[in-house]
Structures are given as C-alpha cells and as structure tokens.
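Participant: Mind docking chain B on chain A? Use the hints.
In the order they appear, the protein sequences are chains A and B.
Quick note: the first sequence uses my numbering, first residue 1, plus one each step.
Quick note: the second sequence uses my numbering, first residue 1, plus one each step.
Possibly wrong hints are sitting among the right ones.
As the list claims (entries may be wrong) - One side only, chain B facing chain A, incomplete, derived with CB under 8 Å: (1) Val3; (2) Leu6; (3) Arg13; (4) Asn18; (5) Glu74; (6) Leu78; (7) Leu80; (8) Ala81; (9) Gln82; (10) Val84; (11) Pro85; (12) Gly184; (13) Asp261.
What the hints assert, rightly or not - Non-contacting residues of chain B with respect to chain A, defined by C-beta distances greater than 12 Å in every case (computed): (14) Leu15; (15) Val76; (16) Leu95; (17) Gln211; (18) Leu243.
Simulated from the structure, these hints should not be mistaken for lab results.
Backbone N, C-alpha and C define an ideal beta-carbon position, used for all residues, glycine too.
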Amino acid sequence: MITLDTIRKRFGSLDVLQDVSLAVRPGAVTALVGPNGSGKTTLIKIVLGLTRADVGTLHVDGQPADEAGAYRRVIGYMPQAAHFPSNLRVGDVLDLVTQLRPGEATDDDLARAFEMHAIRDKFVGTLSGGTKQKVNAVIAFMFRPSLLILDEPTAGLDPLSANVLKEKIRSVRREGRSVLITSHIMTELETLADDVAFLCDGQMRFAGSVAALLERTGERSLEEAIAGLMRAERAPKLSTAPAVAAFTPTPWLSPAPKGAV
Amino acid sequence: MNVISLVLQAGLRDLSRNRWIVAYALCFFAIAEGLFWFGGTGPQVLLSLLNLVLLVLPLVALVFGTIHVYSSREFVELLLAQPVPRRELFVGIYLGLALPLAGAFIVGAGVPFAIHAGAGASAGGVVALLGAGVGLSLAFAAIATWIALHTDDRLKGVGLALGVWLATTVVYDGLVLGAAAAFGNYPLERPLLALMLTNPVDVARVLVLTQLDVSALMGYTGALFQHTFGTSLGIGVAAAALLSWWVLPLGLAGRRFLRRDF
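Next comes chain A alone, as it looks inside the complex:
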C-alpha cells in the first residue's frame, strides 16, 4: 500500500527522522508507536505531503508520490485534535471537504453512527471536543480511502463512540484497506493492530507483526513490550550509574531491515 524508504528529516540541527523505512501492508492495521517527540507526527506528515523529507522516497500503490498530491486521493486523514473554523456549521465543513473531492464514492456509515444529521446545522464553535472529534472521524472515513491515517483517533471520544470507531477500523481492515494508526493507549492498539512500528529518537527500532514483537521481547502484551522497549531506550539517558552505563541494546532494538513489515 505505502512504502517509505530511508526517510530522513532534519529541523535545524535536530535529526527528527533518520533513515526510516516502513511498509504498510494492504488489509492490515499498522500501529505507529513511540515516545513523545520520537518523530511519529513528522512521519505521518511526510506521508500526507504536509512535510517534505530531506532524503528518501514514498511510494503509494507502487507509484512514487507526486508533488501535486493527487496520490492523497487514496488517503483519509484524522488528525489528533479537530480544529475547524468556529463560525462554520458542521454541514459547511462536511460539504467543503466533499466538494474538494468531487466524484469520489462516499461512505456514510460513520456519519449515521455518529448522528451527523442531528448536528449539521450547529456551529462548530459550539460543539464539545468529543463531538468535533466525531466530525474529524467522519471526514477521514468519508471517501472510502484505501489508506486511513489516524492520529490518536479515540482521544476525547466517549467509550461508546470510541467503540463505534474501533469497530469501523476493523471493518475497514476486513475490506482489505490499510490503516496507519498512532495512539498511546496500547491496550486499544493491541485489539486493533496487526503490525507495529516502534520509532524512537527518529529511528525505526522495530517494524514487524505484533506477534513477532511479543516473541522477541518475551512479553505477553503489546503494552508491556512497548514499555520495555521504551525503558531500554531511556535507561542510559536517565541514569549515570555504572551498571546502566554498561547497558547494551538487545538485538531486537537494532533498526528493522527494509521491508520488514
């Protein structure tokens, strides 16, 4: 579906991404995880064309991503927090996005499930954060994209809405479409993800199936496995004790080979 090959990105003197490679399989949910500031958002923005990589290539369905951004026709994007112009009505926002993508088949399942018809005439500025997030989700899923990029999709949603959204993600996967998802709620990812990509300090430390990660780390849950990876990454930085200074990364911390996913 999408392939990122040796992506490098630097902001000033900071190496945000260093030779990051990742492949998102068709019909799979890939969880992109890592500590805050690890480069997840930058990587997502590179896929979306919002940020340009200094080095590296992005292929979508085997074709190089074009500068004009036509490849984004296959992508649905749900940012972490919804920010719409507060004086627009919900209907205005949905109509705008629909008109920006004319001729594309639409999927109204989520709009119905989140009862968008009931809030179409409400001004966005009067909505709660969770309701705005529902609008955000509806926009992402609206065009039946073959790749969904979801950045903390359940943040701010009530449990019922979060369940509806997670069920929608599962149905998307069953239809053979791909999902790239970030979240700090590992228990949630565990129920959704087929593959996991762990970014730390701008480097891809692991990219493979969830089962492979659990096997390598010897942990029983994704949460424990990721927490273990993070602890191992942080240990040398947090302490100067001699025992920690002798820290040696375990083999599974080495960068994943290209196309490991």
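Facilitator: Here is chain B on its own, set in the frame of chain A:
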C-alpha cells in the same frame, strides 16, 4: 467549483459571522454616522475618517490577520491532506481573510456616505477613500499572512505584526521629519518621494488627498508628490505603489506556503 472558490466561500462564511469583523464594520459605521450626526459636512467626515482608516485599518488587518492565520493552521493542514493543489488552497485562504476585512470596511465606511449622499462629499473622494481602504486591507492582510507563515511562534508573529504597524504609522512619520530636519540643506525631494513609496499607509493617504482639495493636509511628502507628478499621474503612481504593496507580500507569502513544512 474549483478549490479557490470553495475555500474562499468557506472563509467568507466563517469571517462574515465573526464578531470581531462585525464589530469592525459597526465601528466604522458608528464613527462615520456620528461625524455626520454632529454636523460634519461630507468633506469633513471624509477627512476625519481618512485619519481613522490610516491608523486603525492596518492595525486590524495585521493583528487580526496574523492571529486568524495562526488559528487556522490545523484546519489548513486538514485541507492540505486532501488531494488539492497548495497554490489554489493558498489563494483561497488568503482571499477568505482579505475580502471579509475589505468588505467590512466598505460596508462600515461606505453605507454612511450613501445615506448622507447630499452632504457634499465628492464621489471621487469617497471612491478614493474606499479604494485606499480596500488596497490597505489587501496589502496588510498579505503582510499578516506572510508573517504568520514565516514565524512559527505566535507571540513573535503578533509582535512582528505590531512592529510593522508601528513602523508604518508612527516611526515612519518621525523618520521623514527627522530626515527633513537633518538634511534640510540638501535636495531631499527624490529621496523623500522614494521613502513615501516604501510606506503603504503614506501612499494611501496621498492617494486619497489628491482627490480632495486640501493641500494643507498633504504633509511634506504628499505636497512633494503632487508637485512632482501632478494629480493624474500622481494617482497612477500611488495606485501602482499600493498595488505593489499588495503583490509583493502576497508573492512572498505564497512562496512560503508552497515551500514550508506544516
């Protein structure tokens, strides 16, 4: 419909309901109506309003524009994530900011002159005032857009916008007076004319005053300008200068929008 008109329509819909934009239009309306109410003749109201326009309009366009672009950033990212060209999106976003600002000014300042059409204000003067106001709105909205796209830190961006306002409305006058006083023994006509063209506010002031028979209010640069170019050519030169004050920052902002990482 194309991307520009869709994004522009959304911007118009959003800002036409914005309470600050409504208050901005009402403010011009109330002041112009008040001036008429207290017995001002058309030309007097025109001149009083000109001073207000030259001071308030750049401030509102710069500060409101900068804050608006910053607060729209996440929505712009969502739009950029759609299969739409950046260039068209930029034009739509800019016009969605500049046209409501210009429209609010036209409604606020223009309606009182329409109501008091018999009060003696010349049509040329009113058109020049409204035209200069629109020109300043477009130019300063472009400068505000450029500032917000160029500076990621909101506080710095708003500070820079205020700095531009201070420079064009306060510091500039002091600079001209200082230069005239310090180099009074030298032929300063050409340098001062060039200096005038570097300030859109002064260009707008001269553009309106050339339409009014008020040489005493021209100021040094204005009198010099009219003496050098005459009325007809002067209007053309001032309009071209104001146009370049719109096109240049807009070009810089557009270039920044096309190249920047979001």
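Participant: A separate judgement is required for each hint: does it hold in the structure or not?
Facilitator: Results for each hint:
no.	hint	in the structure
1	Val3	6 Å, holds
2	Leu6	5 Å, holds
3	Arg13	6 Å, holds
4	Asn18	6 Å, holds
5	Glu74	3 Å, holds
6	Leu78	6 Å, holds
7	Leu80	5 Å, holds
8	Ala81	4 Å, holds
9	Gln82	5 Å, holds
10	Val84	6 Å, holds
11	Pro85	6 Å, holds
12	Gly184	48 Å, violated
13	Asp261	4 Å, holds
14	Leu15	7 Å, violated
15	Val76	9 Å, violated
16	Leu95	15 Å, holds
17	Gln211	36 Å, holds
18	Leu243	29 Å, holds
Against the hints set out earlier in the document, violations occur for numbers 12, 14 and 15.
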